[in-house]
Amino acid sequence: MEKVKIYSRFERFWHWTQMMLILLLIITGFEIHGTFEAFGFETSVRLHSAAGWAFLILTIFAIFWMLVTGQSRQFVPVRNNIKSQIMYYISGIFKKEPHPVKKTADSKLNPLQRIIYFGLIILVFPVQLITGFSYLFFHYPDKPFAFEGLEAIAVLHTLGAFLLVAFVLAHLYLITTGHTITSNLQAMITGYEELDEETETATN
Amino acid sequence: MKNQFSKSVMALLVSLLLPLAVLLLTLKVAAHKGTPDVVDVKLKAEHISSVDHSQFEILQQDFETPHDVTAACLSCHTGRDEEIMATAHWKWEREEEIPGRGVVSVGKKNLLNNFCTGANGNNGSCMRCHIGLGWKDKSFDFADNRNIDCLVCHDQTDTYFKQKGQGGMPATAETANSAYQVPDYPYVAQNVGLPKKNNCGICHFYGGGGNNVKHGDLEEALLSCTKEVDVHMAMDGPDMACIDCHTTERHNIMGKLYSVSSANTNRIHCDQCHTTTPHNDKVLDNHFEKVACQTCHIPIYAKANATKLYWDWSSAGLTDDHGNGYSEDDADGNHNYLSIKGNFVWDDHVKPEYYWFNGTVDHYLSSDTITEVPVKINSLFGAYRDSTAKIWPVKVHRGKQIYDTGNNTLISLKLWAAEKGEGAFWKDFDWDTAARLGMEYNNRPYSGNYDFIASEVYWPINHMVSPKEETLSCTECHSRDGRLAQLNDFYLPGRDYNKSVDYAGFGLIFMTLIGIVAHFFGRLVAYFKNR
Ligand code: HEM
Numbered sequence: 001m002e003k004v005k006i007y008s009r010f011e012r013f014w015h016w017t018q019m020m021l022i023l024l025l026i027i028t029g030f031e032i033h034g035t036f037e038a039f040g041f042e043t044s045v046r047l048h049s050a051a052g053w054a055f056l057i058l059t060i061f062a063i064f065w066m067l068v069t070g071q072s073r074q075f076v077p078v079r080n081n082i083k084s085q086i087m088y089y090i091s092g093i094f095k096k097e098p099h100p101v102k103k104t105a106d107s108k109l110n111p112l113q114r115i116i117y118f119g120l121i122i123l124v125f126p127v128q129l130i131t132g133f134s135y136l137f138f139h140y141p142d143k144p145f146a147f148e149g150l151e152a153i154a155v156l157h158t159l160g161a162f163l164l165v166a167f168v169l170a171h172l173y174l175i176t177t178g179h180t181i182t183s184n185l186q187a188m189i190t191g192y193e194e195l196d197e198e199t200e201t202a203t204n
Numbered sequence: 001m002k003n004q005f006s007k008s009v010m011a012l013l014v015s016l017l018l019p020l021a022v023l024l025l026t027l028k029v030a031a032h033k034g035t036p037d038v039v040d041v042k043l044k045a046e047h048i049s050s051v052d053h054s055q056f057e058i059l060q061q062d063f064e065t066p067h068d069v070t071a072a073c074l075s076c077h078t079g080r081d082e083e084i085m086a087t088a089h090w091k092w093e094r095e096e097e098i099p100g101r102g103v104v105s106v107g108k109k110n111l112l113n114n115f116c117t118g119a120n121g122n123n124g125s126c127m128r129c130h131i132g133l134g135w136k137d138k139s140f141d142f143a144d145n146r147n148i149d150c151l152v153c154h155d156q157t158d159t160y161f162k163q164k165g166q167g168g169m170p171a172t173a174e175t176a177n178s179a180y181q182v183p184d185y186p187y188v189a190q191n192v193g194l195p196k197k198n199n200c201g202i203c204h205f206y207g208g209g210g211n212n213v214k215h216g217d218l219e220e221a222l223l224s225c226t227k228e229v230d231v232h233m234a235m236d237g238p239d240m241a242c243i244d245c246h247t248t249e250r251h252n253i254m255g256k257l258y259s260v261s262s263a264n265t266n267r268i269h270c271d272q273c274h275t276t277t278p279h280n281d282k283v284l285d286n287h288f289e290k291v292a293c294q295t296c297h298i299p300i301y302a303k304a305n306a307t308k309l310y311w312d313w314s315s316a317g318l319t320d321d322h323g324n325g326y327s328e329d330d331a332d333g334n335h336n337y338l339s340i341k342g343n344f345v346w347d348d349h350v351k352p353e354y355y356w357f358n359g360t361v362d363h364y365l366s367s368d369t370i371t372e373v374p375v376k377i378n379s380l381f382g383a384y385r386d387s388t389a390k391i392w393p394v395k396v397h398r399g400k401q402i403y404d405t406g407n408n409t410l411i412s413l414k415l416w417a418a419e420k421g422e423g424a425f426w427k428d429f430d431w432d433t434a435a436r437l438g439m440e441y442n443n444r445p446y447s448g449n450y451d452f453i454a455s456e457v458y459w460p461i462n463h464m465v466s467p468k469e470e471t472l473s474c475t476e477c478h479s480r481d482g483r484l485a486q487l488n489d490f491y492l493p494g495r496d497y498n499k500s501v502d503y504a505g506f507g508l509i510f511m512t513l514i515g516i517v518a519h520f521f522g523r524l525v526a527y528f529k530n531r
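Just so you know, the sequences run in chain order A and B.
Counting from 1, position 156 in the first sequence corresponds to residue 156 in my numbering; the numbering is continuous, with no gaps.
Counting from 1, position 168 in the second sequence corresponds to residue 168 in my numbering; the numbering is continuous, with no gaps.
It should be emphasised that the hints constitute simulated quantities derived from the structure, not laboratory data.
In this text, a Cβ means the ideal position worked out from N, Cα and C, and glycines have one as well.
Mixed in with the good hints there might be a few duds.
Stated by the list, open to error - Which residues of chain A face chain B? A partial, calculated answer using Cβ under 10 Å:
| no. | residue |
| --- | --- |
| 1 | 19 |
| 2 | 37 |
| 3 | 42 |
| 4 | 76 |
| 5 | 94 |
| 6 | 153 |
| 7 | 192 |
As the list claims (entries may be wrong) - Simulated crosslink set (BS3-like; lysine-lysine; CA at most 25 Å straight-line):
| no. | chain 1 | residue 1 | chain 2 | residue 2 |
| --- | --- | --- | --- | --- |
| 8 | B | 164 | A | 108 |
| 9 | B | 256 | B | 109 |
| 10 | B | 164 | B | 91 |
| 11 | B | 7 | A | 3 |
| 12 | B | 529 | B | 164 |
| 13 | A | 96 | B | 529 |
| 14 | B | 196 | B | 164 |
| 15 | B | 529 | A | 95 |
| 16 | B | 420 | A | 5 |
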């Protein structure tokens, strides 16, 4: 076992900023939706728009970073080991079996995570950004071109929000399924995680 | 060791401090709120007359009649008679285009309503609010400029009044009584000026036979009110007069009421003084596109005295043992029954109803037949899809009024007469005769059969603007059962949602939580087993 750096500074900054913004967007978004009261409707509207802008800027930086560093390939789904990863979560984990796919600096996400994160990046984020900004700028039917009212946009936006909430919940839980209960969390904070050095070279 | 330390600092920085900094920046941006514009306009009260009317010899004569005063006015103010005689104040009708109907003549002269049903034929009482002198019957000469009543609008002495029951004439030597004396014409004529609040109010406050009966947002309390009642007219505020907003050029007064007009012309808009972006705040100013200023800024109307919301004519006509009419009051001291008029419901501090409105209106014309119940005395055009429509606060006056079951038309009633025995309902309590005479006067057919039918009239609310602290808050509308609950031809954030998406979404969250708990429980069990 060796301490390996798997999350760069930018990645950690991106992750935690994104966490704060999405949390804020979820809370304020669902207050606007009428699900509960939090900051007050008006404050929530203002917070939601500001957080939406911040989220957009952060996302642009992230895309830039991914393209420049080539890290985007981390999120490309793979075919191998999907089944064994599923079997791990529904049975192996209870028998103290090892993770079927080793985590390495070059392959941080297991096959299931790749699918989920790929889905987020390709589907949910763009949907939330596009519907969110449409919601912000085209409230009314005839300016400057016609959407069929606000409804379709708002409903899509709400759907995306629900998916994100479900993701966040599952994500929070899955953090605890690493090598030890807190090893994933520590990695995202410090950047370092203890990885099996042997297999690391093997997968390289 | 040093390496370890710098790594910790870096971790703190990128994983906590920098993200927090972004969050704080976001909160700061979100907290930005514009400061509303301050309006600075010159009020008409600051106008100083360029002449002193008391110096004019022609106004120092002993006028016999008000007509002579008018002639004196016109001898200097040449041409003003033509201006006046072209207005709806004089004609009580306007040629206006109703979308889908073409150009029609609408006005107090020929429209019906569900208050006293209609003026024409009840001239002695109703035409007291005409700006002419003595429109007692069809013989009134609309071409005679001496019939214009200059004084009722321009009197500054508060001593000039039109007498009750005289069709717009002040008291004469023959008709004077303890309530109405012959005006002191030289005194009044030498003290004329721009109309004050009460010159307008003497008619516009008391429509429908009493203070605030009709409008709900225009009443005598505005003569001396606080900011809570009306920020514009408040004594502790700018103390504005009607003509400060209802600006007037050549006797053409801006603004009009949609119970008696149709077209989107000659209107007053708040943005004349306040601009179209008065809040200096994007989120709020955006609402201007679809929401009338009045909607948020007049959260309630009838803030001082009650207004009539319901009027049931069908119970009118009951008399006491001596055959005389009587009255009953509600707990607040407003009539809730009058033999001459029927049952009423009054209320104060009323929340408006809300409708789309694009500035054009349809009317039940006296030539129309009834096609829907309740009968729409007028109806506001507008819808979400209509780019010229905005959400508007409206007083809706509902009632039950007499109609001709044979011809399926609303009936023009003869209500008023000076004496018993002339067939007026208010004196003789005979529906059939009152209906027949009223219809006859209006040249409309009457089958001889009548009943009562529900009807509604829509009055957009414009006055009694509240201080900004009392403006509607977002969730008055942006909530599940808010003020706009009935106005659902569009998606309103906070109010609307897609049921299936919400069920599916909350279902998904619930399933995720169940999955997490079950999985976690499995791991716990396994942990203790494997130990
Ligand atoms: C993590 C991403 C986001 C989540 C979870 C989220 C969530 C929500 C939810 C639940 C609503 C209420 C929808 C409704 O009831 O109609 C909403 C409204 C809205 N969202 Fe988002 N949202 C996200 C991102 C964005 C972004 C990036 C923008 C862009 C600025 C945005 C702009 C809006 C706007 C304009 C509204 C309508 C209410 C208002 O005018 O503030 N959202 N959001």
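Verification of the supplied hints:
1. Of the supplied interface hints, the one on residue 19(A) holds, with its beta-carbon coming within about 7 Å of a beta-carbon of chain B, less than 10 Å.
2. Because the closest C-beta pair between residue 37(A) and chain B is about 9 Å apart, less than 10 Å, the hint holds.
3. Satisfaction of the interface hint for residue 42(A) is found here, the shortest Cβ-Cβ separation to chain B being roughly 5 Å, below the 10 Å cut-off.
4. Among the interface hints, the one on residue 76(A) is violated; its C-beta lies about 25 Å from the nearest C-beta in chain B, farther than the 10 Å criterion.
5. Proximity of residue 94(A) to chain B holds as hinted, the smallest CB-CB distance being about 4 Å (cut-off 10 Å).
6. Restraint check, residue 153(A) versus chain B: the minimum CB separation of about 9 Å is within 10 Å; hint holds.
7. A hinted interface residue such as residue 192(A) counts as satisfied when its beta carbon comes closer than 10 Å to some beta carbon of chain B; here the least separation is about 8 Å, so the hint holds.
8. With a CA separation close to 93 Å, the supplied pair residue 164(B) and residue 108(A) exceeds the 25 Å bound.
9. Between residue 256(B) and residue 109(B), the direct Cα distance comes to roughly 15 Å. Compliance with the 25 Å bound is thereby established for this hinted pair.
10. Using a Cα cut-off of 25 Å, the hinted pair residue 164(B) and residue 91(B) holds, with the two alpha carbons roughly 21 Å apart.
11. A distance of roughly 13 Å separates the Cα atoms of residue 7(B) and residue 3(A); the hinted pair therefore holds under the 25 Å criterion.
12. Simply put, residue 529(B) and residue 164(B) have alpha-carbon atoms about 100 Å apart, too far for the 25 Å limit, and the pair is violated.
13. Note on residue 96(A) and residue 529(B): the hinted pairing holds, with a Cα-Cα distance of about 11 Å set against a maximum of 25 Å.
14. The straight-line distance between the Cα atoms of residue 196(B) and residue 164(B) is roughly 22 Å, inside the 25 Å bound, and the hint therefore holds.
15. In summary, the hint linking residue 529(B) to residue 95(A) is supported, as the alpha carbons are separated by about 9 Å, within the 25 Å threshold.
16. At most 25 Å may separate the alpha-carbon atoms for a hinted pair to count; residue 420(B) and residue 5(A) exceed this at roughly 105 Å.
Hints 4, 8, 12, 16 from the earlier list are contradicted by this structure; the remaining hints agree with it.
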